[in-house]
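S.K.: The primary structure of each chain is shown beneath.
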Amino acid sequence: MKPAPFDYIALNSIEEITSALNEYGDDAKILAGGQSLVPAMNFRLLQPTMLLDINNVSKLDYVKLNGDKTLKIGALTRQSTIEKDEIIKEKFPLLHETMPQVAHSQIRNRGTIGGNLAHADPASELPAVCIAMGAKLKLISKEGERIIPSSEFFQGMFFTSLEPNEILAEIQIPIPTEHSGFSFMEFSRRRGDYALMGVAAVVVLDKNNNCTEAKLVYLNAGDGQVDAKKAASVLGGEKSSPDLFIEAGRIASEEEIDPFGNVHASTSYQRHLANILTQRALKIAFERAAKKEQNHD
Amino acid sequence: MIKLKSVSVSVNGRLYEREIEPRLLLSDFLRHEIRLTGTHVGCEHGVCGACTVLLDNKAVRACLLFAIQVDGQELFTVESLAESQDDLHPLQNAFWETHGLQCGFCTPGILMTMIPFLEENKDPTEHEVREALSGNLCRCTGYQHIVDAVLLAAENQKKSN
Chain F
1 MKPAPFDYIA
11 LNSIEEITSA
21 LNEYGDDAKI
31 LAGGQSLVPA
41 MNFRLLQPTM
51 LLDINNVSKL
61 DYVKLNGDKT
71 LKIGALTRQS
81 TIEKDEIIKE
91 KFPLLHETMP
101 QVAHSQIRNR
111 GTIGGNLAHA
121 DPASELPAVC
131 IAMGAKLKLI
141 SKEGERIIPS
151 SEFFQGMFFT
161 SLEPNEILAE
171 IQIPIPTEHS
181 GFSFMEFSRR
191 RGDYALMGVA
201 AVVVLDKNNN
211 CTEAKLVYLN
221 AGDGQVDAKK
231 AASVLGGEKS
241 SPDLFIEAGR
251 IASEEEIDPF
261 GNVHASTSYQ
271 RHLANILTQR
281 ALKIAFERAA
291 KKEQNHD
Chain P
1 MIKLKSVSVS
11 VNGRLYEREI
21 EPRLLLSDFL
31 RHEIRLTGTH
41 VGCEHGVCGA
51 CTVLLDNKAV
61 RACLLFAIQV
71 DGQELFTVES
81 LAESQDDLHP
91 LQNAFWETHG
101 LQCGFCTPGI
111 LMTMIPFLEE
121 NKDPTEHEVR
131 EALSGNLCRC
141 TGYQHIVDAV
151 LLAAENQKKS
161 N
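As given, the protein sequences belong to chains F and P, one line each in that order. First residue of the first sequence? That's 1 in our numbering, and the numbers climb one at a time after it. First residue of the second sequence? That's 1 in our numbering, and the numbers climb one at a time after it.
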C-alpha cells in the first residue's frame with residue numbers, strides 16, 4: 001500500500017462537510033476527484049490523517065446559467081461533464097476549448113473543477129483560465145459563505161486563501177461580453193500532460209476593432225498563475241498587428257513570468273514558448289473578437 | 001492503527017465483500033484482494049493508464065481511487081470482455097488481427113479506455129482515436145498498430161450494425 005495510513009469518512013451533505021472541517025481542520029483533506037490528491041498521497045508528499053469523501057454530495061454537482069449573466073458550476077462537477085456541457089460550449093468557449101487539454105479523458109472522468117482549483121497547481125490550466133475569465137469563487141464554512149475573485153483565491157504554488165474550515169463550493173463565471181475574443185494555448189510533451197508553458201488570452205474590442213480590455217494569464221510560469229498586466233496593457237487602444245503581439249510576447253516572457261525550468265524545459269526555453277504562444281494566442285483572440293463585432297453589425 | 005472498513009462492490013457482475021484499510025488503492029484491491037490480475041499496475045500515479053477500469057461505464061484510473069470509495073458501486077475490468085480465449089470481444093479480436101500488442105502490459109488499460117470510446121464514437125477519425133489513446137502509455141508498439149486495431153474495431157462495429 002503506497003499512501004500513509006489515514007481514516008476515512010464519506011459525507012452526504014454540505015452541512016456534514018462544514019461540520020467535519022470544523023472538527024478536523026488541517027488534519028483532514030477533502031477527497032473529491034482525487035486525481036491530484038491521490039498521486040500526492042501515493043508519493044507520500046501528502047499524509048493527511050483523515051480523508052473527507054464528498055463524492056456523495058450531489059448538491060455540489062451542477063452547471064447552471066443564472067439569469068443569463070453568470071454561469072454557476074458546483075465544485076464537485078466532473079471535468080468531463082464541463083467538457084461536454086452544451087451551455088458552456090456555446091457561451092463560454094474559452095472554458096470549453098481548454099477542457100480537452102486538462103489531463104487525459106480517464107482523469108477528467110473523475111477529476112472535479114473544485115478539486116482542480118483548490119489544489120492550486122501553477123501548472124494547471126483551470127486556475128489560469130478562471131483568472132482570465134474573471135471568475136469568482138464561493139467558499140463555505142460553518143460560519144457562512146464568502147465570495148472572492150479567483151485572482152485573490154490563488155496565493156502561490158499549492159496555496160490558496162481557503163481557511164482550514166472552508167470548502168470551495170461554487171465557481172461563478174460572468175458571461176463574456178459580445179465583443180470579446182479568447183484563446184487558450186499550451187505546449188506539452190504529450191497531449192494531456194502538464195504543459196511546459198501555457199497562456200489564456202482574452203481581449204475585448206470596440207466598434208473600430210481597437211482593444212479596450214485584455215487579459216493574459218500564464219500557467220507553469222512561476223510560483224503561481226502569472227497575470228501579465230504589463231503585457232496586456234500595451235494592447236490597450238491598439239488594433240491587431242504582428243508588431244503589437246511581438247511586443248506583448250516580449251514583455252510577458254522577459255519581464256513578467258518567472259518560470260522555474262525543469263528536466264524537460266530550461267527557463268529560457270519556457271520564456272521562448274511564452275513569447276511564441278502569446279503571439280499566436282493574441283492573433284486568434286483578436287480575430288475572434290473582430291469576427292463577433294462584424295456579426296453584430 | 002486505523003481500523004478496517006467493510007467494502008462491498010460488484011466487479012464484472014459478481015459481488016465481493018472485504019474488510020480493508022482505507023488506504024488500499026482500487027488497483028491493489030482488484031489484484032490482491034479479489035485476485036483479478038488482468039488490471040495492470042504501471043506507474044501508480046495516474047500517468048500510464050494500465051490500470052484503467054470502468055466505473056459507471058466511464059474509464060477511470062484504478063490507481064487513483066481508494067477501494068473504499070467504490071463501496072456499493074459496480075465496476076468492470078478487462079476480465080469482463082471475453083468468456084474464453086476462443087470467444088474474444090470484437091475489440092480484442094481487432095487487436096489480435098492487427099498486431100495491436102506486443103508485451104501486452106498496457107493492453108488491458110487500452111481496451112478498457114477504448115470500450116466506452118467506441119460506444120460514444122461510432123465512426124472515429126484517426127485523430128480522435130489518437131486523442132483518446134493519449135492517456136495510455138505503450139512502450140512496445142509505437143502506437144500505430146493500436147490505432148489500426150481501434151479503427152478496425154470501429155469499422156467492424158459499423159458493419160455489424
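Accuracy of the hints is not assured; some may be wrong.
Claimed, not checked - Pairs of lysine-lysine, DSS-like flavour, derived with a Cα cap of 27 Å:
#1 F:29 / P:159
#2 F:229 / F:64
#3 F:89 / F:72
#4 F:89 / P:3
#5 F:29 / F:69
#6 F:229 / F:136
#7 P:122 / F:89
#8 F:64 / P:3
#9 P:159 / F:59
#10 F:84 / P:122
#11 F:72 / F:59
#12 F:229 / F:142
#13 P:5 / F:59
#14 F:292 / F:69
#15 P:58 / F:72
#16 F:84 / P:3
#17 F:64 / F:142
#18 F:84 / P:5
#19 F:29 / F:91
#20 F:29 / P:5
#21 F:29 / P:122
#22 F:59 / F:2
#23 F:207 / F:91
#24 F:142 / F:72
#25 F:136 / F:89
#26 F:2 / P:159
#27 P:58 / P:159
#28 F:72 / F:136
#29 F:91 / F:142
#30 P:3 / F:2
#31 F:29 / F:89
#32 F:2 / P:5
Read the hints as simulated data drawn from the structure, not as lab findings. None of these values were measured; they are calculated from a predicted model.
S.K.: Each hint needs a verdict: does it hold in this structure or not?
M.R.: Structure-based check of each hint:
Taken as a hint, the residue 29 of chain F and residue 159 of chain P pair is broken in the structure, with Cα atoms around 50 Å apart against an allowance of 27 Å. For the proposed pair residue 229 of chain F and residue 64 of chain F, the alpha carbon gap of about 31 Å is over 27 Å, so the pair is violated. A C-alpha spacing of about 14 Å is found between residue 89 of chain F and residue 72 of chain F, which places the hinted pair at or below 27 Å, so the restraint holds. Note on residue 89 of chain F and residue 3 of chain P: the hinted pairing is violated, with a Cα-Cα distance of about 46 Å set against a maximum of 27 Å.
For the hint pairing residue 29 of chain F with residue 69 of chain F, the CA-to-CA distance comes to about 33 Å; that exceeds 27 Å, so the pair is violated. With a C-alpha separation of about 19 Å, the suggested pairing of residue 229 of chain F with residue 136 of chain F holds against the 27 Å cut-off. Straight-line distance between C-alpha atoms of residue 122 of chain P and residue 89 of chain F comes to about 22 Å, which keeps the hinted pair within the 27 Å bound. Restraint check for residue 64 of chain F and residue 3 of chain P: the C-alpha separation of about 41 Å exceeds 27 Å, so the hint is violated.
Straight-line distance between C-alpha atoms of residue 159 of chain P and residue 59 of chain F comes to about 43 Å, which puts the hinted pair past the 27 Å bound. At most 27 Å may separate the alpha-carbon atoms for a hinted pair to count; residue 84 of chain F and residue 122 of chain P meet this at roughly 17 Å. Taking the CA atoms of residue 72 of chain F and residue 59 of chain F, the gap is near 13 Å; set against the 27 Å cutoff, the hint holds. Among the hinted pairs, residue 229 of chain F with residue 142 of chain F is inconsistent with the structure: their alpha-carbon atoms are about 36 Å apart, more than 27 Å.
Straight-line distance between C-alpha atoms of residue 5 of chain P and residue 59 of chain F comes to about 26 Å, which keeps the hinted pair within the 27 Å bound. Our distance criterion of 27 Å between C-alpha atoms is met by residue 292 of chain F and residue 69 of chain F, whose separation comes to about 18 Å. Proximity of residue 58 of chain P to residue 72 of chain F is assessed by CA-CA distance (about 25 Å); at most 27 Å being required, the pair is judged to hold. With a CA separation close to 40 Å, the supplied pair residue 84 of chain F and residue 3 of chain P exceeds the 27 Å bound.
This hinted pair checks out: residue 64 of chain F and residue 142 of chain F have alpha carbons roughly 25 Å apart, not beyond 27 Å. Between the alpha carbons of residue 84 of chain F and residue 5 of chain P the distance comes to roughly 36 Å, so the proposed pair goes past 27 Å and is violated. Straight-line distance between C-alpha atoms of residue 29 of chain F and residue 91 of chain F comes to about 34 Å, which puts the hinted pair past the 27 Å bound. Proposed proximity of residue 29 of chain F and residue 5 of chain P is supported: the alpha carbons are some 19 Å apart, at most 27 Å.
With a CA separation close to 40 Å, the supplied pair residue 29 of chain F and residue 122 of chain P exceeds the 27 Å bound. About 32 Å separates the Cα atoms of residue 59 of chain F and residue 2 of chain F, which puts this hinted pair outside 27 Å; it is violated. With a C-alpha separation of about 21 Å, the suggested pairing of residue 207 of chain F with residue 91 of chain F holds against the 27 Å cut-off. Between residue 142 of chain F and residue 72 of chain F, the direct Cα distance comes to roughly 21 Å. Compliance with the 27 Å bound is thereby established for this hinted pair.
Between residue 136 of chain F and residue 89 of chain F the alpha-carbon distance is near 20 Å, which keeps this suggested pair within the 27 Å criterion. Our distance criterion of 27 Å between C-alpha atoms is broken by residue 2 of chain F and residue 159 of chain P, whose separation comes to about 46 Å. Simply put, residue 58 of chain P and residue 159 of chain P have alpha-carbon atoms about 25 Å apart, close enough for the 27 Å limit, and the pair holds. Pair hint residue 72 of chain F plus residue 136 of chain F holds up; C-alpha atoms about 10 Å apart against a cutoff of 27 Å.
With a C-alpha separation of about 34 Å, the suggested pair residue 91 of chain F and residue 142 of chain F falls outside the 27 Å cut-off, and the hint is violated. This hinted pair checks out: residue 3 of chain P and residue 2 of chain F have alpha carbons roughly 17 Å apart, not beyond 27 Å. The straight-line distance between the Cα atoms of residue 29 of chain F and residue 89 of chain F is roughly 32 Å, outside the 27 Å bound, and the hint therefore fails. Of the pairs offered as hints, the one joining residue 2 of chain F and residue 5 of chain P holds, with about 18 Å between alpha carbons and a cut-off of 27 Å not exceeded.
Comparing the model with each earlier hint shows violations of hints 1, 2, 4, 5, 8, 9, 12, 16, 18, 19, 21, 22, 26, 29, 31; every other hint is respected.
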